[in-house]
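Chemist: Order-wise, the sequence lines are chains A and B. Just so you know, we're using the numbering used here here: the first sequence kicks off at 1 and counts up by one. Just so you know, we're using the numbering used here here: the second sequence kicks off at 1 and counts up by one.
FYI, nobody ran anything at the bench for these hints, they're computed from the structure. Misleading hints may appear alongside valid ones.
[Stated by the list, open to error] Simulated restraints, written as ranges between beta carbons of each label pair: (1) A/Cys309 to B/Val21: 53 to 63 Å; (2) A/Asn205 to B/Gly148: 22 to 32 Å; (3) A/Gln92 to B/Glu263: 25 to 35 Å; (4) A/Ala206 to B/Thr11: 28 to 38 Å; (5) A/Lys231 to B/Lys81: 24 to 34 Å; (6) A/Cys96 to B/Glu155: 56 to 66 Å; (7) B/Lys111 to A/Asn205: 38 to 48 Å; (8) B/Gly260 to A/Ile216: 26 to 36 Å.
[Claimed, not checked] Below, in silico cross-link-like pairs of lysine-lysine (DSS-like), each with a Cα-Cα straight-line distance of 25 Å or less: (9) B/Lys204 to A/Lys207; (10) A/Lys207 to B/Lys81; (11) B/Lys47 to A/Lys282; (12) B/Lys204 to B/Lys175; (13) A/Lys282 to B/Lys33.
We put the beta carbon where it would ideally sit given N, CA and C, even for glycine.
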Amino acid sequence: MGKVDLQVQLGPLKLKNPVLTMSGTFGFGQEYGQYYDLSALGGIIVKAMTAQPRLGNPPPRIAETPGGILNAIGLQNPGVDVAIAEELPPLQDLRCQGTLVIGNVSGYSFDEYCTVTKKLSYSGLVDAIELNISCPNVKGGGLAFGTHPDTVYKVVSGVRAVCDVPLIVKLSPNVTDITEIAFSAAKAGADILSLINTLSGMAINAKTRRPILSNITGGLSGPAVKPVALKMVHQVSQAMDIPLIGVGGIVSGMDAAEFLLAGATAVGVGTANLMDPLGALKVVQGLERFLEEQEVASVSELIGGLIVCL
Amino acid sequence: MLREDAEKIQTAIIVDNRPLVSDVYHLILKAPKLASEAKPGQFVMVKVASGLEPTLRRPFSLHRLDRRAGQVEIIYQVIGKGTDILTERKPGEQLEILGPLGNGFCLQEGKRVGLVGGGMGIAPLLAVAEQAVQEAIEVVVFLGARTGDYLLAKEEFEHLGQVFVVTDDGSVGEKALVSKPLEEYLQNQQLDLILACGPTPMLKALAGIVETQGIKAQLSLEQRMGCGVGACLGCAFPVKAATPEGYTYKRVCHDGPVFGAHEVLFSVPKEVTKQGGCSCGQS
Chain A
1 MGKVDLQVQL GPLKLKNPVL TMSGTFGFGQ EYGQYYDLSA LGGIIVKAMT AQPRLGNPPP
61 RIAETPGGIL NAIGLQNPGV DVAIAEELPP LQDLRCQGTL VIGNVSGYSF DEYCTVTKKL
121 SYSGLVDAIE LNISCPNVKG GGLAFGTHPD TVYKVVSGVR AVCDVPLIVK LSPNVTDITE
181 IAFSAAKAGA DILSLINTLS GMAINAKTRR PILSNITGGL SGPAVKPVAL KMVHQVSQAM
241 DIPLIGVGGI VSGMDAAEFL LAGATAVGVG TANLMDPLGA LKVVQGLERF LEEQEVASVS
301 ELIGGLIVCL
Chain B
1 MLREDAEKIQ TAIIVDNRPL VSDVYHLILK APKLASEAKP GQFVMVKVAS GLEPTLRRPF
61 SLHRLDRRAG QVEIIYQVIG KGTDILTERK PGEQLEILGP LGNGFCLQEG KRVGLVGGGM
121 GIAPLLAVAE QAVQEAIEVV VFLGARTGDY LLAKEEFEHL GQVFVVTDDG SVGEKALVSK
181 PLEEYLQNQQ LDLILACGPT PMLKALAGIV ETQGIKAQLS LEQRMGCGVG ACLGCAFPVK
241 AATPEGYTYK RVCHDGPVFG AHEVLFSVPK EVTKQGGCSC GQS
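Produce the complete structure using the sequences and hints provided.
Modeler: Here's what the structure looks like:
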């Protein structure tokens, strides 16, 4: 590898490079680990875990749309206990090589978020926990945890109290003002914010007059959402001082650089993993090449380096 | 840095790409590594264009494996943006492919094997028919399609074994579903194993027939697919399992595409679908 320094300090976390794989697009790393050495990555955010096993939604679960995909997998996962016993131990070797393993916690109730976080945190098998509060199906009448500042504060502070590792809160773009949500999460004790989760959307087959996804609606991701994500990362980074993971349609090193310039300290690669099994690796390599071409010695120099002429 | 499976990412050269019927194309690729490694019933993901559009690769079954020539054949129907772009790709051009993927058919249990194909599901059966004949296994082929034009590779199958055909419009063979000649055949003859690919209603009917008759069967399933390597859980198909719900989801790309007929569930009980999950997309 080259002469550029790819290390970043993401709040309390030290990353060998700023590229993380995003939850739900990378399983527990096992499949992609057959394609390349995952220690090339800054970190892996594994599949969302819930208290009990979840079967997920009936198919079809995925639809392609212009510049992206729409998915409604439905949190299929073996449950946190099985994940701790079977899925996370094989990843521990990566941690010795400086690649972070980050657990993603999802829930259908306040209690579930806390239970799963506690188990994962105490397992000692993860370097950090990312909280998925962007899920619309929650107990108590459909108030999404992630779209109201008060519920965000409640769930993040509750989780914070039982979380012994750095806490990342993943923000939904499906809100009126993302900075309001970001403030609540930070005030409640989030160490890091990741943004954005998918944009709510739907796809219709006009010939059959039916929605393509069995769930009717799904989450939009991929290159189509990049401008939205860049804007929201920029907006939050301007509004407050908290380390950010920029996520949304990153498929190249140049895309990653754009997010860093917008104010992110690290970036998340999601849909690109589905487009190409080497997707995340190519972002790492592309970012290094970009820095060399630009004669930038350290990737940290890009962070928040957007030049805005007024 | 790269590991073994990265070799599945290959550059193929288009040898031929022409329509068999107005909306069904025959693609021949020079891809020696794929041709030598693939098993009948496996599939390949094709990146139909360079750049970001379309977002995903397209999964195609392998119609024929010509190991000697280092070629594989694919038959595809033009159903959307991806396949439409693929029709414009010319001989001599390169295509990035990912494969072989999935498990493939297993012929081991049969001396006389029935192959049941409906519509585009006929495509992967030729490769397995050719392999069976090479292994001195007798094949009996049952094909069904919209019209006679869509009875893909009918002549090739006729060189390999007895062939029964039906069509939706009666233009060739009887106007019937493919299950009809199969059931008639089974009235006085035996099959040790059935391998099938086709529309879900056809496979569902077939699963019922083989259960009644006590015949082992392998079904090649189709599902909208994301990554193709087992990570995204996009291509889930319900299968019977000892869970509280009585089923679980398996990945067509990674656990399949070929499943035992006895394990496949063609629909999920309504009351459990409700608690399924969420559409946050992060899942």
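Chemist: Of the numbered hints stated earlier in the document, which are not met by this structure?
Modeler: none
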